[in-house]
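Protein sequences, first through last, are from chains W and F. Per the numbering used here, the first sequence starts with residue 295, numbered consecutively. Per the numbering used here, the second sequence starts with residue 369, numbered consecutively.
Misleading hints may appear alongside valid ones.
Using 20 Å as the maximum straight-line C-alpha spacing, the simulated DMTMM-like pairs for lysine to aspartate or glutamate come out as follows [claimed, not checked]:
#, chain 1, residue 1, chain 2, residue 2
1, F, K426, W, D395
2, F, K417, W, E390
3, F, K417, F, E434
4, F, K417, W, D395
5, F, K479, F, D377
6, W, K351, W, E369
7, W, K351, F, D467
Selected chain F positions facing chain W (Cβ under 7 Å, derived; list incomplete) [as the list claims (entries may be wrong)]:
#, residue
8, Y400
9, R410
10, G411
11, L412
12, F431
13, D467
14, F470
15, A472
In case anyone wonders, no lab produced these hints; they're calculated from the structure. Beta carbons: idealized from backbone N, C-alpha and C, even for Gly.
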Amino acid sequence: KAGVTQTPRYLIKTRGQQVTLSCSPISGHRSVSWYQQTPGQGLQFLFEYFSETQRNKGNFPGRFSGRQFSNSRSEMNVSTLELGDSALYLCASSLETGVADTQYFGPGTRLTVL
Amino acid sequence: AQSVAQPEDQVNVAEGNPLTVKCTYSVSGNPYLFWYVQYPNRGLQFLLKYITGDNLVKGSYGFEAEFNKSQTSFHLKKPSALVSDSALYFCAVSGANNDMRFGAGTRLTVKP
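Bound conformation, chain F alone (with noise of 0.2 Å):
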């Protein structure tokens, strides 16, 4: 079965700090990974996915994630936080039938 997990709830950073959003995951074959995020009362947004190729993805907004096999790792990461940030971001994986799964989301608060 296809999971991933995010090993922590709540993420704080200074404005202007680089940030990093965790996600691990398990899968039987290739990993089609996605990063999605939420503000309050709004759906998910897409940020970006790994489908093959390079291992660093750049997504929307400055984000980019890094993919590594050996730690089954794929993280999400952006230079320097804006307040703006400050939201919930949830990792994802895409299942063979099309059907995402994902993480339990992490908050992430960005603090001027």
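Isolated chain W (complex conformation) (with noise of 0.2 Å):
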């Protein structure tokens, strides 16, 4: 089975631009969960999808969004870019809904604010 692909592994982008960032999960996965990954903030949840749904946020400004599509893959937005939103931003997918599903990763998209 084919892991959890994110596109593009690399983005540079200047301050104030948006971004969007795509995941697919492992088919048949239900669930993606986005997290940023920083040196100084270590790994932050940023929010979770099912069925085309976010169920869960994090705490992070409004200027980060997603959504999910009706085949579970997934983007992730960043409007107005920041210097500090430069970070690793990583995807997960889980099988079924509830606590302690095993969620899978991606490799990443590394985001360069420049």
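Hints are included, so try docking the two chains, each in its own frame, into the full complex.
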């Protein structure tokens, strides 16, 4: 089975621009979560989508948004980019809803904001 | 609120020696605990998880973890370290809403 894929792998943007990242979950997985990883803040939960609905959201500003399509693929959007948005953005998918589902991570998208 | 702590930023061991990467947790309710490993420029790879049952959980690549309720710990262990085990290790706890909270990570270096 193919793993979680994320595109693009690397992005360079300038402040004020917006960006869209894409994530394709493992086939059959219905839940997709997004995380931001930075050296200073570590791994932080952004949001989770299930059946095209955002179920959970972390403590990030409204500039960070996402959506999920009927085939479970997900996109994440960051508007009005700031220098501090430079990070590795990780997507993870899991098979079922509920607690203690194992999340499987993609390789990440490295976003650099200049 | 659910949280985990990894008290060591860095762990160094010699190849062939046993290794331990420490994790303590704070949860309300049942703890659902995970270990992941991250290699440079890669995503996180799942190693093992504890939901319930035996306190010793066996995972991938020869790793195991010991759940200790009285000490609220979930330490990752391996009997004999390999140089290829050198990586960043994360402990995590799964919240009631399926949001995963990660520790700060521990960098393991295994020297030949």
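Going through the hints against the structure:
1. F/K426 <-> W/D395: holds (17 Å)
2. F/K417 <-> W/E390: OK: F/K417 and W/E390 at ~16 Å, within 20 Å.
3. F/K417 <-> F/E434: Distance ~10 Å between F/K417 and F/E434 Cα, so the pair holds.
4. F/K417 <-> W/D395: holds (9 Å)
5. F/K479 <-> F/D377: holds (17 Å)
6. W/K351 <-> W/E369: holds (15 Å)
7. W/K351 <-> F/D467: Holds: W/K351 and F/D467 sit about 8 Å apart, inside 20 Å.
8. Y400: holds (4 Å)
9. R410: holds (6 Å)
10. G411: Holds, because the Cβ-Cβ distance from F/G411 to chain W comes to roughly 4 Å (cut-off 7 Å).
11. L412: Check passed: Cβ of F/L412 comes within 4 Å of chain W, closer than 7 Å.
12. F431: Since chain W brings no Cβ nearer than about 15 Å to F/F431, farther than 7 Å, the hint is violated.
13. D467: At 5 Å from the nearest chain W Cβ, F/D467 passes the 7 Å test, so the hint holds.
14. F470: Nearest chain W Cβ about 4 Å off; hint holds.
15. A472: holds (5 Å)
The structure shown violates just one earlier hint, number 12.
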